[in-house]
Every structure is written in structure tokens, then in C-alpha cells.
Amino acid sequence: MHKRLDPLHEEVNSSRHVVRKYRGHLRAKIESGEGTVPARGHSAVQAWDGVLLGEQLVTMSCTDKIARWNVLGLQGALLSHFVEPVYLHSVVVGSLSHTGHLSRVMSHRLEDVGPLPASYRRNQLLLSGVSHAEVRQPGKSPGFSVNWIVGTAELEVINATTGKRHCGSSSRLCKHMFYTRWAKLYGKLSARIPSHAEVPTVYSEAKLVAHTYQSVKQQLFRAFQKAGLGTWVKKPPEQDQFLLTV
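Residue 0 is where the sequence shown starts when you use numbering that gives the first Met the number 0, and the numbers rise one by one after that.
Hints in this document: simulated from the structure, not taken from any laboratory. Computed from a predicted model, the values in this text were never measured in an experiment. Hints are supplied without guarantee of correctness; some may be wrong.
Stated by the list, open to error - Here are the simulated DSSO-like pairs of lysine-lysine, each with C-alpha atoms no more than 30 Å apart in a straight line: (1) K64 with K163; (2) K187 with K206; (3) K183 with K28; (4) K206 with K64; (5) K206 with K225; (6) K64 with K234; (7) K174 with K64; (8) K174 with K187; (9) K64 with K183; (10) K174 with K206; (11) K234 with K174; (12) K225 with K163; (13) K216 with K163; (14) K28 with K174; (15) K174 with K216; (16) K183 with K216; (17) K206 with K183; (18) K234 with K163; (19) K233 with K206; (20) K206 with K28; (21) K233 with K28; (22) K28 with K187; (23) K163 with K206; (24) K234 with K28; (25) K64 with K28; (26) K174 with K163; (27) K28 with K216; (28) K216 with K233; (29) K216 with K187; (30) K64 with K225; (31) K64 with K233; (32) K225 with K183; (33) K183 with K234; (34) K216 with K206; (35) K163 with K183; (36) K206 with K234; (37) K28 with K225; (38) K216 with K234; (39) K187 with K225.
With the hints as constraints, model all of the structure from the sequences given.
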């Protein structure tokens, strides 16, 4: 018996196999925001030396970040000192027809998380599509972003490549600015609550002091690996190793 080989058929089957293999897998953004690829073969921790020598700075995809927020909350490590986890209630998806697929992926990723400490949970998002979704045209992301704060009239335009204002100064959304504001609040609480330690002088140390948050984060990353979804790629640690200067 002779079997006729169809190169196109074989290629399509191969592509489908790759898609199934990496379904639900953690994904990294392609440079300039033109799409995502499975986060495979990356080291768990990046280094600034490599980035400065031309290596791409790997950033996890939006769906990965939403999955992370569904366990850790939106508030991050610093604010977890003061508030319980803040979870998203719903998300409107503008350019995706099959919100059911996204919902299943989000739930599947969190199956192996296990029991969580008090106030933390596996959050279930409500997903909704728009009435008339426009077909998404892949392309480069804009070179700028705009932010505003309730109660102020000033808009801030930021260079999306450098993270700074177009005049070259630091943004009001930069880590140092947030750390300065956090340290002032932490200092006030330390004066009133004897059990509070002194304000950490290094940003990375302040984040590590949030012990429960850090423990849940590691539990989530282990769950991703256990489910065969890959390793969460962390940003270079050097970016968080700066002193608090007021």
C-alpha cells in the first residue's frame, strides 16, 4: 500500500500539534507588542548585563498577568502591607470572539494552586465581549502612553520605550515615586504600631517584607510549573535594587 504524502497537510497537522502542546502555556510578549510566543527556553531570572548587550527584555503576556492578579490581587507586594488583595471583577474583551476559550484557559491555569492563606483566593473573572468587535490588526504598539489622576487636571505623557516623560524627567508612576509615597505611609504606621519594623531603605527589601504575598506568589509559580505551563520569567533584579532617597 502506498501513502501519498501531502506536504501542506503535514504542515497543517504539525502546526495544530504545536498549538495544542502550548495551549494555556505562559507566553512572553514579542518586542514592540506585535504578539506573543510561548515562554519556553527562558531563564527564570533575567540580567541587565544581557539586556545591555542586546538581549531582548522578556515581558509576560497580558493574560499571564491577569492569571497572576486572579490569585495575588492587583495591589502588589508593597500595598499588601496595608490592604487585603484587590481582585478584578470583570473584563471586557474587545477583539476576541471566543471569550469561552479565554475563560477555560484562565481557570485551567489555577487548578493546581492549592489552599491559600486567609484573604487570598482563586478569583473567577466575569468575561464579556463587545457587541461589534473590530478585527484586530496586528502592529506595533504606540510609542507613548498617557496617565491621569483623579482630582488633578494635568495629563502626563510618557515615552513607552524609556518609561520617562518626553522632557527626560521621571514619571509620577515610576517605582521610586511609588516607593517614596509608600515609605511615608509605612513610617506613620511604624510610629503607631510597635510591631512594625523600620522603613526598609532598599525597594527590593520592602517587597520581600510582605511575607504572605511573597509566599503566595511562589505557590502560584510552582503551580504553573506543576501544570506544565512553563516558568514565569522575572525582570532583572537590578531594577528593584535602589535606595530610598527623599
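| query | Honestly, which of those hints from before does the structure not fit? | reply | 3, 12, 22, 32 and 39
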